[in-house]
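The chain contents come next:
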Amino acid sequence: MITPNHKAPLTFATIEPDAGLKAALAKPRVDLIAEITASQLKGRGGAGFPTGVKWNLAAAAQADTKYVICNADEGEPGTFKDRVLLSDHADLVFEGMTIGGYAIGSKIGILYLRGEYTYLRAHLDAVLAARRAKGLLGKNVAGKQGFEFDIQIRMGSGAYVCGEETALIESLEGHRGEPRNRPPFPVDTGLNKLPSVVNNVETFAWVTSILVKGSAWFKAIGTQRSTGLKIFSVSGDCKQPGIYEFPMGITVAKMLEAVGGSDAKAVQIGGASGHCVPASEFGRVIAFEDVSTGGSVIVFGAHRDMLHVAKNFLEFFVEESCGQCTPCRDGNPKLLGGVELLEQGRCSMRYLNELSSLGETMQIASKCGLGQSAPNAFLSIVKHFKDELMGRTQGEAH
Amino acid sequence: MADNLNDSTSRAPVSQTGHVIPPVDDEGMIGARVTLTIDGQEVKVPLGTTIHDAAKRAGIHIPTLCAHPDLCMAGLCRVCVVEVEGMRTLQASCAYPVSQPMKIHTHTRKVRQARRHIIDLMLSHHYGECYACGRNNNCELQTLAKEYGVDFFRFGHPDKPMYAKDESSHSVIRDMNKCVLCRRCVRTCIDLQEVGCLEAVDRGDKTKIATFMDKPLADVVCINCGQCINRCPTGALRANDPTDEIWAAIDDPKKHVVIQTAPAPRAAIGECFGLEPGHPLTFELNTAMKLCGFDKVFDTNFTADLTIFEEGAELLLRLQDALKTKKGPVFLPQFTSCSPGWVKYLEHFYPEYIPNLSSAKSPQQMFGAVIKTYYAQLNNLDPKDIVTVALMPCSAKKFECNRPEMTDSGFKDVDYGLTTRELAKMIQEAGIDLPKMAKSDFDSPFGSATGSGVIFGTTGGVMEAALRTVIELVVGIKVENLFDHADIIPLRGMDGIKYVELTIPSVGEVPAILKPLFESWDFLKGVTVKVAVAHGTANAHKVMEDLKNGGPLSQCHFIEFMGCPGGCIGGGGQPIPTSQEIREARAKAIYAEDSAYPIRKSHENPAVLELYTKFLTEGPCGHKSHKLLHTHYTPRGKYIAE
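The listed protein sequences correspond, in order, to chains A and B.
All the letters of the first sequence, read from the start, carry residue numbers 93 to 490 under this note's numbering.
All the letters of the second sequence, read from the start, carry residue numbers 63 to 704 under this note's numbering.
So here's chain A without its partners, still in its complex pose (with noise of 0.2 Å):
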């Protein structure tokens, strides 16, 4: 893997090229659906839905036409291990896209291409084109007969939403990039009113090598909820920031000391939109089931100020709310505007207590993810750092 930082090959690295999905086709449909189920594998973007019920659900519906999404708008601060996956290991994420494609029976597969990473696209459409060439694209895939499927790229247009599935579907239709409500899932009316698959980058690729190693290896690493490995993108204020390859349930310490970082006074876990983790609660695990992430890991140094942070990841939302539900689209300026008086230390503790309840209310009442999630950041440093925020109280507005 091409990072200067990292120690050690990554898994991907030591995968034989087409064994995957060789031993997917060589496999019943049910018999694949079975085996990625059983690597209890969990969606790597970081919602972390079961992959193998995903694809259960996709293939049970009845349609002639199916989708295999692979969603690499990835646009979550602080997070670039797509960007690294798609330039040294296309091939694993193609393959596995392919292999969801036999699963659900579907002949389409989209890469959807985040904008700001068309200069991926030539390299991208050469590994495509090589897949064609070799048969691992097209009629009869890999010698399987009657197994069709190919691949497209689209491009986003750098909408931090798209990277939901819903409004990434809708951006693929050709309208604004905005998450529809749920239910229906994709796996039922996903594109084009047809049933989909919408997977990251990197599920792709653990699929592909799950088909080579066996969901028993898979299995066997990480904690009991989550399974396997996962790709880290760390940043920030660290020695050797970039891609690490870790085991799911490792500690919050136990990271930083592999990446340098273990005098950081609180860590940024998930993105923009993930928790505030500060150096008090560093034994928590990395896992769906304790502090979760799509791969973001952004470190801040004793030096950091904590409103500052607070205040870049709001303005992040406030621009990139789609601007379709009230509590993301408006609530997001008020949190802001919360911490622009905090700032100047005019912020009240009454009116603090009234913006964290906001925050409360757009975790639960927005329509999607990003509106859910947005005022994960802002709560949790209002949370851990109460005495530095209100530390700079020179007289009240509010």
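Not close to chain B: a few residues of chain A, all C-beta gaps over 10 Å, as computed: (1) A105; (2) S179; (3) D183; (4) G207; (5) I245; (6) M247; (7) I313; (8) I342; (9) D397.
Now the in silico label distances, taken between C-beta atoms and shown as ranges: (10) T170(B) x M441(A): 18 to 28 Å; (11) G306(A) x H123(B): 52 to 62 Å; (12) L353(B) x E452(A): 52 to 62 Å; (13) T97(B) x K478(A): 38 to 48 Å; (14) R119(B) x A312(A): 48 to 58 Å; (15) Q642(B) x K114(A): 54 to 64 Å; (16) T157(A) x T97(B): 30 to 40 Å; (17) M224(B) x M441(A): 29 to 39 Å; (18) A218(A) x H694(B): 57 to 67 Å; (19) S440(A) x D313(B): 51 to 61 Å; (20) M441(A) x T97(B): 40 to 50 Å; (21) I245(A) x D264(B): 26 to 36 Å; (22) E411(A) x G110(B): 34 to 44 Å.
Just so you know, these hints were derived from the structure itself, not from any lab.
The beta carbon of each residue, even a glycine, is placed where N, CA and C say it ideally should be.
Once you have looked at the hints, place chain B on chain A.
What follows is chain B alone, placed relative to chain A:
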């Protein structure tokens, strides 16, 4: 045949169309049911019912704002959130179709707090004061604020406007400072009407509803139908209100102010005075308008009957050219032209079909031209001193009367289009309790109207009036021989597209009034006349696409188009709120009026016949008619220069 045309071809995003839950009726319902427990009450509903509708059945009120019974679901304002046991987040009850048993709580602390926050957030962007707003006491945001006990602005309140009002349109005024981004207007414009001149643009806190390139509404493809106004929960959208000018004319002793009243407002105006929909106040309204100070009150139905003559003669001429003389290109089917929303829709989206549009003016414009010529002569009035006001259920009529070509009398034929809502406001301002008024008749010389004129107010009405007349004047038999009570039922009702065929078995004598145009009806003998009716421009869109593709409707001879769902009774100037149920009640009132009239066929209207004897002496489609009662159209296209 028209059945498959009634299937949705909506252009709305899948996220919305895929979610339309049809109104569910228990009676005889086959299929799976699911039992919900809402606030401890059990309610059994068909699969796919929304939580909101299920609660309604149990008598539990859940507030909504972005939801509207005519529109596909959105689930975006989040006011209707409820707590579902086992779910981490609250669910938008208007957008959650149930598929399994659930325990739902509609007013827990979390729910109440979330709703209050959401209302407070909306208010923090809603500029203006309720007492200085046209929607005071008829505003859904105001109602919500009241229901949730808002007594201070938790997250502030704007002290200055953010956007300039768009007052460019003759019909619709947009004040985005009052917009709460529920997007009902967007769904109305894109999905219900398939016009698509409004859309949400930008994102995050910069999100706003805008026209193409933020151009003034007058410069985009807006058809002025005003359906967005009818569905706006706040005062962000309203009609261009001429009541100040009308009061000024009434107050001016030199001005002779006449008002013509279309059929649809009388069936609906009671709603502005607390009456249930479907309670007509035709004759009470006449008294009230006189009390307000109008010098004369006329019935637009008079020119509706006149339209039947002019438009009917035009159709028969086209048929004569097509079937008998076979000269020149003949443009069939002929389209009705009385709905100005539809006319502008055609000018924008199907300008190549303008030759199919009847050249007959709408009843409103015919009346204006007749008042400033014939009526002025008759009463020795200088037409420049006459102010003609048209009470219409319609916002597009305001645009229509301002079309530059509508000055055939030598003056502006109709000075002001006044909506039902605006007249109600004038009546209230005059301190008149409309429902309690004594009844009085319309003024002569246009007083007498027919039932055919009345039904112009609802979808299918123009066609029914036309067929009644064609059957009697061409076939030479009584309509009642074919349809009981002369009610042509297949043309009635709220189906999006209706289709009727009628074979002419034999023909009668050409009546004297049409002798200048036709020698005999022989060319119509054995012909199967095919007609269709479409209401709402989404249905018009379907019909036009069918025509373009040479589909079954291209075989029609005559098609009635109305710009608004339900026809005029659902017009953009009608009382708010609106729904299918309300429109059906208004339509019922219209048909009841029709059957109460002693004369029910346009060609029997004595005042119209007198007009042809005394004024339009060359008969329908004669020279004078052409000058005063017919018009031309403007191909506009849908592409707008940046």
